[in-house]
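Sequences and hints are given; from them, build the entire structure.
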Amino acid sequence: MPNPPNDVTIEITFGGYEPLFKMSAQHNALKQFSKADFDELLLRYSKNRDAQFFLQNFDERDIVMAELNVNSTAVWGISPPSQQQLIKDLMSDNRMTLKLSWSVSRTSNSPDVLATVGDEQPYNLEENDPIREQFAAMLNGSSEQSSVVVPNLFPKFIVVPSRGKASYIKTLNRDPKTGEVVFDNLTLSLRTGSFMNDTRESEWWEARENCSSSPFRGPPFPKDCTYMRMFTVNDKVFPPTLSLFSGYGIVGMYTTLVLLASRFIRGMVAGVSFHIMFDDMPYVDRVLQLCLDIYLVRESGELLLEEDLFAKLIFLYRSPETLIKWTRFPHTPGSP
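Using the numbering used here, you'd call the opening residue of the sequence shown number 1 and step up by one each time.
No lab work stands behind these hints: they were computed from the structure.
Treat the hints with caution; some may be incorrect.
Capping the alpha-carbon separation at 30 Å, the derived lysine-lysine pairs in DSS-like fashion look like this [said to hold, decoys possible]:
1) K223 x K177
2) K99 x K156
3) K170 x K47
4) K223 x K35
5) K170 x K236
6) K31 x K156
7) K177 x K165
8) K22 x K236
9) K47 x K236
FRET-style restraints, in silico, Cβ to Cβ [to be verified]:
10) T226 x D129: 24 to 34 Å
11) R191 x A115: 30 to 40 Å
12) R266 x A115: 39 to 49 Å
13) R263 x D293: 26 to 36 Å
14) E127 x T256: 56 to 66 Å
15) S147 x E120: 17 to 27 Å
16) S24 x P111: 22 to 32 Å
17) T187 x L260: 57 to 67 Å
18) S24 x Q83: 16 to 26 Å
Don't be surprised by glycine CBs; every beta carbon is placed ideally from N, CA and C.
Here's what the structure looks like:
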């Protein structure tokens with residue numbers, strides 16, 4: 001059964017510094033694919049055999065579009081000394097990494113399904129990368145640097161498995177023209193403002209997708225760029241009624257099935273060796289005639305004769321060798 005997410009959260013960080021950006025999508029911001037959207041997606045990747053093979057395991061109920069607000073959900077609470085140190089690190093030759101991480105939460109009715117999974121996409125800032133200078137200038141308050149474009153950072157499609165990482169899907173994150181794995185560029189801007197009549201100003205980050213340069217344009221992708229949009233492809237889960245078996249995994253289900261089948265078969269054949277010689281007699285006419293004679297003498301009142309005939313019947317069932325001789329097919333003239 002489908003298991004759509006109830007929360008999709010992304011976060012952008014600079015190493016060990018205070019996160020730049022954090023935003024979550026919940027409730028109405030999580031939009032399930034329609035049948036028309038799914039058909040458009042199949043049409044888009046109709047020439048990509050790997051994508052077609054991947055999508056055949058899912059349907060429209062398994063794909064959810066998360067719409068994330070472009071403004072961070074929290075103000076940037078970095079202290080002035082830490083901000084100054086961040087500027088120094090950006091201007092130095094120290095290795096730095098800008099990291100975008102995401103986490104997906106969903107309902108879990110089984111210990112085999114993790115409630116939250118996630119992954120991350122790093123962008124390494126090399127020594128002479130101009131993005132370092134642009135970030136440093138923006139943090140210094142330069143009016144000439146109002147935003148920074150970070151290329152190839154935001155994955156469009158991620159797969160949400162039962163366990164493990166919610167990694168990006170290579171086959172769906174390919175440029176239809178070049179065939180290369182590509183992500184959307186993100187434009188990061190540091191905003192300053194206050195709430196209504198509050199004189200205190202706060203800083204927060206804004207992150208936007210560059211839709212104009214994005215390879216993910218046209219149906220089923222929306223035209224506007226008012227939100228950052230991430231598509232989650234979610235693995236199916238067992239219904240709650242089968243969670244008792246699915247919780248132990250494939251090995252547990254296989255073991256349970258083998259034990260039940262072996263117990264059923266054993267019950268069918270248990271003790272068959274003790275009565276098979278009585279159930280599978282090849283010729284029973286002589287034994288049947290003996291039983292009929294016992295009934296006949298009983299009706300006639302010949303009790304002594306009945307006792308003798310009954311003793312003969314008991315002897316037959318106590319002597320397998322004699323019973324085998326009695327139940328052989330009669331020899332007819334001309335038979336070998």
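Now the hints, each set against the structure:
Distance restraint check for K223 and K177: the Cα-Cα separation of roughly 20 Å lies within the 30 Å cut-off, and the hinted pair is therefore satisfied. Proximity of K99 to K156 is assessed by CA-CA distance (about 16 Å); at most 30 Å being required, the pair is judged to hold. Between K170 and K47 the CA atoms are separated by roughly 15 Å; this keeps the pair inside 30 Å, and the hint holds. Using a Cα cut-off of 30 Å, the hinted pair K223 and K35 holds, with the two alpha carbons roughly 19 Å apart.
Distance restraint check for K170 and K236: the Cα-Cα separation of roughly 20 Å lies within the 30 Å cut-off, and the hinted pair is therefore satisfied. At most 30 Å may separate the alpha-carbon atoms for a hinted pair to count; K31 and K156 meet this at roughly 15 Å. A hinted pair counts as satisfied when its Cα atoms are at most 30 Å apart, and K177 with K165 qualifies at roughly 28 Å. About 28 Å separates the Cα atoms of K22 and K236, which keeps this hinted pair within 30 Å; it holds.
A distance of roughly 26 Å separates the Cα atoms of K47 and K236; the hinted pair therefore holds under the 30 Å criterion. A beta carbon spacing of about 30 Å between T226 and D129 agrees with the range 24 to 34 Å that was offered as a hint. For the pair R191 and A115, the supplied restraint of 30 to 40 Å holds, since their beta-carbon distance comes to about 33 Å. As the Cβ distance of R266 to A115 is approximately 41 Å, the hint placing it in 39 to 49 Å holds.
One distance hint, 26 to 36 Å for the beta-carbon pair R263 and D293, is violated here, with the actual separation near 44 Å. Under the hint 56 to 66 Å, the C-beta atoms of E127 and T256, about 58 Å apart, fit the expected range. Between S147 and E120 the beta carbon distance is about 23 Å. The supplied range of 17 to 27 Å therefore holds. Roughly 25 Å separates the CB atoms of S24 and P111, a value that falls within the hinted 22 to 32 Å.
As the Cβ distance of T187 to L260 is approximately 59 Å, the hint placing it in 57 to 67 Å holds. For S24 and Q83, the Cβ-Cβ distance of about 25 Å falls inside the hinted range of 16 to 26 Å, so the restraint holds.
Violation of the numbered hints given earlier is confined to hint 13; every other hint is satisfied by the structure.
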